[in-house]
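All chains, full assembly: derive it from the sequences and hints.
Chains A and B, in that order, give the protein sequences. Take the first sequence: its position 256, counting from 1, is numbered 255 in numbering that gives the first Met the number 0, and each next residue is one higher. Take the second sequence: its position 209, counting from 1, is numbered 208 in numbering that gives the first Met the number 0, and each next residue is one higher.
These are computed hints drawn from the structure, not numbers from a lab. Among the clues, some could well be false.
As the list claims (entries may be wrong) - Simulated coverage check for chain B against chain A, where a stretch passes if three residues somewhere in it have a Cβ under 8 Å from a Cβ of chain A:
| no. | segment |
| --- | --- |
| 1 | 84-90 |
| 2 | 269-275 |
| 3 | 435-446 |
Beta carbons are placed, not taken as given, at the ideal position from N, Cα and C, and that holds for glycine.
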Amino acid sequence: METSIRKHIEAIKNGDVKLEEFVSEVLERCEKVQSKYRPFITINKKPDLKKSKGKLAGIPISVKDSICTDGIQTTAGSKILEGYVPPFDATCVANARKEGGIIIGKTALDEFGFGTFSTNCAYGAPKNPHDPERACGGSSGGAGCITAAADFPHIAIAQSTGGSITAPAAFTGTVGITPTYGRVSRYGLIDYANSMDKIGVIGKEVYDAALLLSVMSGYDPLDSTSSEEKTDDLTSYVGKGIEGMRFGIPKEYVSDTTDKKVVSGFMKAVQKLEVAGAKVEETSLPLTKYAVSSYYLIAISEASTNLAKYCGLRYGMQQEIVGDFETYFSKVRTAGFGKEAKRRILLGTYARMAGYRDAYYLKALRVRAKIIKEFKSEFKKFDALIAPSMPILPPKFSEIDKLTPIQTYNMDILTIASNMAGIPSLSVPVGKADGLPIGLQIMGDHFAEGKLIQIGSSLEGR
Amino acid sequence: MMEPEVMIGIEAHVQLNTKSKMFCSDMSEPGDAEPNSNTCPICLGFPGSKPKVNAKAVEHGAMIGLALNSRINEKMFFSRKAYFYPDLSKNYQITQYEIPLASGGFMQLGETKIRIRRVHIEEDPAKLVHDSGEITSANKVLIDYNRAGVPLAEIVTEPDFKNPRQVRQFMEHLSSVLEYLGVYDPKREMSLRVDANISINGGERVEIKNITGFENVEKALSYEVVRQSGITRMGAKVERETRHFNAEVKTTSALRKKEYEEDYGYIFDPDLPMITLTRKFVDSLKANMPELPEQRAARLVKDYKISDYYANVIIYTGKPMADFYEACLKLENKPEPIASWLVNYLLKSLNWRSERIEDSKVKPETFVELIRMIEKGEVTERYAKELMKQYVDTGTSPKKLAAKEKFALSESDMLKIVREIISKNGKAVSEFKSGKGEALQFLIGLVLKETKKQADPKTIKGIIEKEIR
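Here's what the structure looks like:
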């Protein structure tokens with residue numbers, strides 16, 4: 000079966016694809032991938048095929064399980080939402096369906112997005128198709144996994160708060176685009192940290208990501224933080240060339256702690272950019288060292304309020320009612336949340352408490368404002384900033400087990416600042432080391448997705 | 000015994016009468032809707048749903064701020080107030096914390112100035128229905144989310160009240176202001192609720208939660224003054240706690256101890272970006288502010304020369320009453336007698352029936368008939384009062400009522416009777432002509448007897464004097 004989206008679209012146009020047969024074949028293949036790598040929490044056995052026209056007509060789409068799908072179980076990767084079937088579609092899903100996209104399943108993630116490797120998974124961690132002993136990266140691990148493993152045309156709707164698209168894209172050798180905050184409506188996204196959550200795409204090629212992102216983008220009256228900025232057809236930027244562009248490499252992003260093999264793969268790609276006519280210089284983002292701690296303060300503060308609603312009253316997990324409401328809520332939450340969710344609720348509640356609020360939560364907000372300024376001034380000098388996507392190659396599950404929470408949080412160092420600033424970034428695969436993929440990320444100014452696609456596509460192919 | 004020094008501050012919660020809820024498009028006034036039928040994923044806090052600010056509620060809130068002489072803040076945020084309680088669908092309430100919609104301000108109550116600390120807008124929680132009817136004894140609770148998300152304005156005062164009576168007066172004035180602004184529906188149950196903080200002689204403050212009804216506010220606080228005074232007289236200390244007012248027995252009872260300041264872990268609601276209330280927006284609200292009750296009371300005194308007392312009673316009974324008064328004046332320009340009959344008798348009859356003017360059968364056209372009859376002396380004051388009761392009960396035109404019941408005599412009837420009496424009592428007439436006052440009283444008495452006291456002595460006196468001279 001053809002895996003290229005462009006070729007698949009062509010085949011559909013030529014009438015070479017019988018939709019029902021095609022979809023049942025795709026679902027069979029999903030089952031096979033599932034038994035090998037576990038990318039899904041739910042496979043949608045009876046997808047809606049009624050809408051057969053549109054920009055995504057006949058294209059299988061997977062959806063990260065933190066994004067609501069009408070009539071299909073949505074768990075956010077947590078036991079506390081097991082069996083929950085939303086009564087509505089997230090706006091991005093509705094947009095994809097309107098354009099003929101076929102929802103084939105819901106992909107695995109760290110519970111509520113709380114993780115860097117997709118190992119905090121209540122329904123099992125997805126395995127890396129490049130080496131099943133290794134993790135896919137998180138939190139959109141299932142999206143990266145199925146995109147890499149699919150032997151059929153497919154694009155994944157993913158989501159990032161602090162790097163959850165770039166990490167799995169880098170570790171699974173796929174393309175991941177994290178758009179500008181507000182570019183895609185968050186309506187229907189189960190919140191992690193609302194001020195930083197962004198719905199994006201993981202695809203096999205830059206074109207695929209550009210196509211699905213174009214369909215999902217745009218103002219949505221249901222999300223007050225969605226932007227009214229017009230979105231053009233992002234696929235038109237693919238292959239436009241980068242002659243004369245200027246790129247900066249923040250020196251803080253290529254440090255002694257970055258894996259040497261990652262650095263060498265990255266540098267080879269930089270040469271490729273120079274050959275294509277770009278000018279590359281070193282630059283500096285001195286505030287990077289404050290990014291991880293302030294990111295986690297904001298994220299957990301928001302997350303701890305977002306998770307308050309899960310208490311076994313209206314949806315999701317329920318328990319036998321004994322005692323007063325506090326006893327009942329505690330019982331449900333103790334049983335329903337995993338370890339990392341509990342950790343973030345406790346830390347987040349602490350960071351918001353009177354007496355600590357000023358020193359932690361409010362201070363972190365001020366740091367964010369400064370980080371945004373720092374990026375903005377860089378984009379006066381450069382068309383984009385480039386860096387390795389992740390500081391390491393995809394780690395083994397056994398290695399991850401040994402990491403402390405702080406060590407894990409520090410793995411986000413290369414993705415946190417741009418995610419906090421709400422600027423877009425695109426991660427593209429740039430070769431392998433020891434058979435494992437390496438990713439390069441391109442960070443651009445707010446709403447500069449088109450330019451990122453232009454740059455990213457110049458690194459594709461030989 | 001020395002009067003205790005009382006200090007009271009209140010938080011008044013007003014349900015704004017917008018069409019839709021604060022953050023979603025469900026109806027704001029579900030009426031008798033089936034429990035939990037007027038809900039959607041947003042007000043039920045379903046995963047993935049997001050709030051959306053109701054602009055009308057912001058406008059209403061800003062109008063309240065302006066009416067209370069507050070400053071409208073240019074930049075406005077919403078925050079999450081986090082605490083676990085079954086009436087909160089998200090286990091946090093979207094409210095305003097650091098920067099409220101409006102800050103500062105005051106309300107003048109005669110000589111007393113009550114300072115306003117802030118006015119902010121937020122969402123109403125769901126309604127909890129306790130199976131035994133009382134929060135303190137129920138062992139099961141039902142939740143009705145129809146009310147969840149109804150827009151509320153919270154008005155917080157400084158602790159400037161010196162007695163429960165002032166609080167009641169404040170609430171009556173506030174209710175009137177809100178009614179004039181057209182931002183709330185006084186007939187809606189629970190549309191105006193009060194949390195009151197009260198301390199005596201500088202002791203710990205006690206919070207009484209969720210009192211509805213102005214009389215209840217005064218009763219609850221008066222009960223607290225007595226209770227707290229009792230405790231201090233015994234040499235004990237008042238404990239810091241939250242209490243509940245039981246409207247049935249008019250007492251308060253302890254809900255929970257407050258050993259420390261509650262910590263709600265406020266954060267900015269990241270789903271709701273900052274809202275800028277421009278100068279233009281505030282100016283246009285100011286330009287379109289309706290006449291407020293205080294201004295209207297002053298105008299009634301100035302234009303119609305009625306007493307402050309009458310003007311205040313008419314105004315603070317409610318807007319429909321003031322509208323009624325002015326409608327009557329358009330038909331019959333007699334401000335003083337109309338005000339007097341309205342305040343002294345009409346209101347009493349309405350109160351007796353527990354009726355509001357707008358729901359009653361009383362109409363300006365028929366009410367002024369009564370005033371005209373009184374003014375012309377066609378009915379005595381005593382009969383007019385009786386007539387008033389019947390009129391309020393039935394709504395029948397007082398003229399018709401009087402004709403039916405023979406409450407009134409026409410002028411020609413009266414003249415006929417007087418002439419007959421004069422012709423039959425020549426002696427008394429001549430005594431009167433020679434200056435004997437008692438003779439006139441005698442004649443008046445005879446007429447009264449003849450008319451079965453349906454005529455007014457003053458009117459009779461006038462007619463007799465005219466006839467004899």
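How the hints compare with the structure:
| no. | hint | verdict |
| --- | --- | --- |
| 1 | 84-90 | holds (count 5) |
| 2 | 269-275 | holds (count 4) |
| 3 | 435-446 | violated (count 0) |
Of the numbered hints listed earlier, the single one contradicted by the structure is hint 3.
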